[in-house]
Amino acid sequence: MRNLIAFFRRFRIFLFFAFLQGIALTTYFNYLAYPRSQYLTTASSLSGKMLEYHNDIVKHFQLAYNNRKLQYENTLLRKRLANSFIRVDQHSVLINDTLNDQQYEYIPAVVVNSTINKRNNYFTLNSGWRKGIKRGMGVFSPNGIVGIVHNVSEHYSVVKSVLTEDINIDIMVESTGIPGLLKWDGMNAKIGSIASISNDLPVKKWAKIVTRGGSGIFPRGIPVGKIKDFKMVEGKPLWDVSIYYSEDYRKIQNVYVVKNLLLNEQNKIESTIPKDIEEQEDNP
Amino acid sequence: MIEIIKHSIRFVLFLIAQAFIFNQLEIGLGIQLMVYPLYIFLLPLEMNVFLLMLISFGLGFGIDLFSNTYGLHASSALVIAYGRPYLLKLFEPRDGFDPGIELTIYSMGYAWFGYVFGAFLLAHTMWFFLIEQFKWSEFWYVVLKTVLGVPLSLILCVLLQFLFFKKPVKR
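Quick note, the sequences are listed as chains A and B, same order. My numbering puts the first residue of the first sequence at 1, with every later residue one more than the last. My numbering puts the first residue of the second sequence at 1, with every later residue one more than the last.
Source of the hints: derived by calculation from the structure; they are not laboratory data. Owing to the predicted nature of the structure, the values given are computational and were not obtained by experimental measurement.
Going by beta-carbon spacing under 10 Å, a handful of chain A positions derived as facing chain B: (1) Arg-12; (2) Gln-21; (3) Thr-27; (4) Tyr-31; (5) Leu-32; (6) Leu-51; (7) His-54; (8) Asn-113; (9) Ile-116; (10) Asn-117; (11) Asn-120; (12) Phe-123; (13) Thr-124; (14) Arg-250.
Just so it is clear, CB atoms sit at the ideal spot from N, CA and C, and this is done for glycine as well.
Looking at chain A on its own, in the form it has when it is part of the complex (with noise of 0.2 Å):
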């Protein structure tokens, strides 16, 4: 017993800095796993409201940047209002006819807090779930995919960028249709790379990538980048393709939230494929 207490005295401050250490390092590598503690992130309200403020100095910034890219995006739409057609005969389309039901419902929200240089980059909105954000929507700037909804509190969520490492987000070529999945090796934040094209299909440089809407977190067509070269993965039949990011990722500011209505309807119905015997038995 004396020796124990002993042994206690002598490293009684190794032991004290094990202990804060561990602290430290359980909350950083948990919220990585798992994102439950709302208390010590930005979606927290006092610090959402901290970084608010200085997202109110700091956007001034880029204030003209923005406003001509939200311009250029109402002209856009500006286009596609019924005023601006001319009807050429008795059966053309009407607006909220029967034939097209409503899938996909966006929610406007402000970036105000970002970062890009680290591994695994997460930014804060200034919305949460009193606006209808849930936890696994997607988001998206008018330039270009931004990530998927991580953690959400009652005014404040964070999001998962592009730029982390297991994104995982179905893209395809625009032209030919090829499927792959979105992924950042850490280096820079204007290029990402995909996985998982095999090198038997054909790949073209400066070819258009955008979203596949395969699992329903974002509507097909939305802009990825473009394919800036591609080399043969040593040993595996694959394409190793990198890509420039259409979204500078350094300025963004105004994003959309994408609310899938049909999103419980497609789950519902891919639940019932049946699993492969073989592959039950691999993982029971």
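Knowing the structure of chain A, use the given hints to seat chain B on it.
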């Protein structure tokens, strides 16, 4: 008493500076500027190690709250707080430190401050990126980020002292 107030005010200023100014600067190449190691370095020499570690942990956690890193800064601040007594023992001047001295660039000289604070920053930044990356396959990337980031942070901390710290009167 006046020392406690001085260091409390510095605590808040360093927290705000790191969280709202230097963490928001995107220099590129994965460089991150660190100024709060300077605060930990300048805490009084006679301070109890437990208190030193607690203050560093609090400062790191405060910065984490505002930058979505959840304990990363706290962990690296703790490492240097734990290592500070050993480092200072290693680089002690021949007749020991004067009692009550503050380890600024004015009182310790350019060369001493450069070496010791450089080593201090190197340990901090290396640990920070190692934990953030957490993969041996990306080890050279960690080294690159550290080697690029430490000199910039060192220059920044020296400049901060020239700008905001009063030069003590020579006796």
